[in-house]
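Chain by chain, the residues run as shown.
There are 6 protein chains.
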Amino acid sequence: MSHSEICRFPTPALDQLPEDIRTRILAVQEKAGFIPNVFLSLACRPAEFRAFFAYHDAVMHRDGSTLTPTEKEMIIVATSAKNGCQYCVVAHGAMLRIFSKEPLLADQIAINYLHAPLTDKQRAMLDFSTKLCRTPELIGDEDLETLKAQGFDDDDILDISGITAFFGLSNRMAIVTGLQANPEFYAMARVPKDK
Amino acid sequence: MSHSEICRFPTPALDQLPEDIRTRILAVQEKAGFIPNVFLSLACRPAEFRAFFAYHDAVMHRDGSTLTPTEKEMIIVATSAKNGCQYCVVAHGAMLRIFSKEPLLADQIAINYLHAPLTDKQRAMLDFSTKLCRTPELIGDEDLETLKAQGFDDDDILDISGITAFFGLSNRMAIVTGLQANPEFYAMARVPKDK
Amino acid sequence: MSHSEICRFPTPALDQLPEDIRTRILAVQEKAGFIPNVFLSLACRPAEFRAFFAYHDAVMHRDGSTLTPTEKEMIIVATSAKNGCQYCVVAHGAMLRIFSKEPLLADQIAINYLHAPLTDKQRAMLDFSTKLCRTPELIGDEDLETLKAQGFDDDDILDISGITAFFGLSNRMAIVTGLQANPEFYAMARVPKDK
Amino acid sequence: MSHSEICRFPTPALDQLPEDIRTRILAVQEKAGFIPNVFLSLACRPAEFRAFFAYHDAVMHRDGSTLTPTEKEMIIVATSAKNGCQYCVVAHGAMLRIFSKEPLLADQIAINYLHAPLTDKQRAMLDFSTKLCRTPELIGDEDLETLKAQGFDDDDILDISGITAFFGLSNRMAIVTGLQANPEFYAMARVPKDK
Amino acid sequence: MSHSEICRFPTPALDQLPEDIRTRILAVQEKAGFIPNVFLSLACRPAEFRAFFAYHDAVMHRDGSTLTPTEKEMIIVATSAKNGCQYCVVAHGAMLRIFSKEPLLADQIAINYLHAPLTDKQRAMLDFSTKLCRTPELIGDEDLETLKAQGFDDDDILDISGITAFFGLSNRMAIVTGLQANPEFYAMARVPKDK
Amino acid sequence: MSHSEICRFPTPALDQLPEDIRTRILAVQEKAGFIPNVFLSLACRPAEFRAFFAYHDAVMHRDGSTLTPTEKEMIIVATSAKNGCQYCVVAHGAMLRIFSKEPLLADQIAINYLHAPLTDKQRAMLDFSTKLCRTPELIGDEDLETLKAQGFDDDDILDISGITAFFGLSNRMAIVTGLQANPEFYAMARVPKDK
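Protein chains in written order, with the working numbering: chain A, 1 to 195; chain B, 1001 to 1195; chain C, 2001 to 2195; chain D, 3001 to 3195; chain E, 4001 to 4195; chain F, 5001 to 5195.
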């Protein structure tokens, strides 16, 4: 596979990678059936690769988080769309379709979450995360109060913020590296399954 | 120490922290003479704490980076100022004064780097990092070409981008947590030393 | 059929519509297999319905236009995405997949056309149409010169502008009426066909 | 008359035009005493000309509309000013002076409708139409609720939106064609008549 | 005269004003035939009144300035329009018509100076002054170089900047005080005189 | 002293200045221990110099103003930071530290006043002055009502507005002239004194 199909920079061969990184990549490949390009684009810098996925797991898989997988993916899709990040919108749009079992929701949120079928609580969550994403300098006490009025507590706020902040980092690295979303993601879970 | 002097949320006591985290904090305290508040605000979530500092070290201390400590701090101060992040502007402003031995430079960059005494190469570096920081959706091939025309190579671009992206994450967490810069940072290195 | 699945306002029954409007709608239904919701949302105001589709046909089907169907749909998807119009991005994204036989292109353009695989001429076309769409007050002689330098002539410029302007109107009516894209559009042409 | 006084592109001679278009233009000329340049700039494309004026008439002369001619012209002047469209601000500014018999109102609205003498209902109408004009992606349920709280019903909302959307199209075509407002419009109705 | 016709705040009676201020106002009234409202709105604060008009005269009547009265008024109209200042656009629009003897030019510049008939040098002057007016933080060496390439020297740049800066102050005071342009200004010099 | 340390343009020698200007400058030098560069950059144009400082004194030293020196400097620092003006942020940041005896406050306001320790009344004052500074066209009755609800009266509003407007002028002249803040200002009053 030529690097031009993955990103703007050369990507290393799997057998040149440190053991732990190769192992993680092969495990993903086994589960997904293909290697998501983000793993290959980051692999050339092992220390950043490890920190990136440690951070990802810390914010996405925190024990005790009350955010559902669907809600976490909503945040990623909404904020990545504002940042114009092809990779994250496409890859996490697929994840959102899978978790929500709603085949239309990811595109609706990516285009304009104001016109997507959301609960008031989800709408408040995306209002906050897109504001934090795009104009962090405007975030104040009143924004946290709005979240609390919808039933979010301090831990929820930290979860929403951590996901927003981490994928803001991810968006920027994907954009600079010209990371291409794997074709597999585009069509994934577009046919509704039984709920 | 009351948590209201540190951030919006409660912070854990040092003796309640996991061993590795307490050790890192004590080492910083020994070196700096005080504990920078970012360590305490993040300590309540150990997995995020570890990932945060692993990422920090990966982008700030990469072996082989040709960016100088002064240049790295320039990026942090310029982008954190655009994001309106008190903690990062003040704390890394102090770092920039220390590394550059220029007592005025950090304030000049924080207020408006267009009016700071920079080389053309540094100006291009901050043009790119502030654009990536604030409008990642507008970054294109031509922006990378501009950096290369100033002598930056692919690794430099990844370093500049990694620092910009990581501190964008850091800014957002500091803003949401209401993180206060320690008073010690404000006055640090304001009197020029011998170069 | 409840109006809530179509748009924010009630929509008329087919048999209550004027003959010419019902005929057009039935023809579309026969060809597509379903009635695109835009026809139903506009049908309650026959004079606007007729003017809308007359304008649509005038800009989309002008005899002698050198713009290909793919290029026309690129303009619609890129500008409708900037305007946050769910209906037009989804429905014309489907059209773009059909005409281009490229199953990924519509999503790539909707998310960020700067990162889509475009020729320089197509890129210039979308730079112009998104600028005209979002900041018409900034369009000047130099923008037309840029198009001409890419090989577009006066008639092409009028075609690009007419499509941009008409779908700007369409986006606004779809947004105000809360027009929902038919589910059929989302999955259409996502599997590549033989070119 | 040289085309440079009308717009950026050549305009056809009246006797070369299709019969229906020439008839409409001559009727306007008879009533106004001159031919508004928009008729000549659009006449080179008969299908677009016909659709344009059909749409114009549909939104401006809908039977049963409760919007007054003055209110319709307020919307056109306010939104066209935001879009920086010389032709529409000048020509419809004249119309607004004629219908309102207020010689200052058009300039006041064009410069800044927030400082014009409007009723609360008119202010809400222009808040909505300028938001729909400039940031359609931000329009949500709450904007329609605000209009309804001022006494506008669904039909009024569709009227306001249709006028806003149609003149957004008109502004863009006028800007791309470099359409010049006829000198006659500038001074029209600047002396107050008896009300 | 009720203060509501002048501005949001009460205005003093002429005979209550300090001698020098009353004298200046009466001189203007004699020359213009009416008292421009800005004189009355500022008169309640004599020290600011005197400084305001001293500054006005310093930037508008500097001995040796090579800017023509028409060019100075172009700057005022273009920048005041960007700031949405009714008083300055209307009053200085009248001045621009008087000085230029072009009855259409002021409206054209107020609506969108990109579509007004300007020389390249005048266009550069307005590009600079509107940028300085709206985004002073973005002004850099390259903007001054652009002006110099058009033939402006250091003194011209200081004249353009002084007028822009002073009328930015004036716009803000007019907006806060709700200053109304006198009706006389609107219709002034709309009929071309012999040049 | 070379002009390059002061600003972009040559500055006159003290003994070439008109008597009143030299006297004012020497008085400042005696009091401060150095000559603030703004005096030298403006001295080449005596009429503007005199009007500038007359205006400064009128808005900053109005008899009867209820704004404290600390509050006046807060306005200057907050608005000058939004305008990216190095000179005014640094010089008036020093003044703010001196008057408030709070060594951290000026930097906190310059970086992001939303995160500075302000009373609700001070916050409202800075919300208004930064809005008037950056988007004067959006100021309306409701903004004045908000100030009045916090206890500000008409005279306070004129004081806040006059300071905001005057320093907007000052920022623009400092930016165009490339005015450098004297090094003395940066470190001034950073060590807290007895209150």
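If you are wondering where the hints come from, they were derived from the structure by calculation, not from laboratory data. The structure displayed is predicted, hence computed values, not measured ones. For each residue, glycine too, the CB sits at the ideal point set by N, CA and C. Take the hints with a grain of salt, since some may be wrong.
For the chain D half of the interface with chain E, some residues (derived, Cβ under 8 Å), not all of them [to be verified]:
#1 Ala3058
#2 Arg3062
#3 Ala3081
#4 Asn3112
#5 Asn3182
#6 Ala3189
So which of those numbered hints doesn't the model satisfy?
1, 2, 5 and 6
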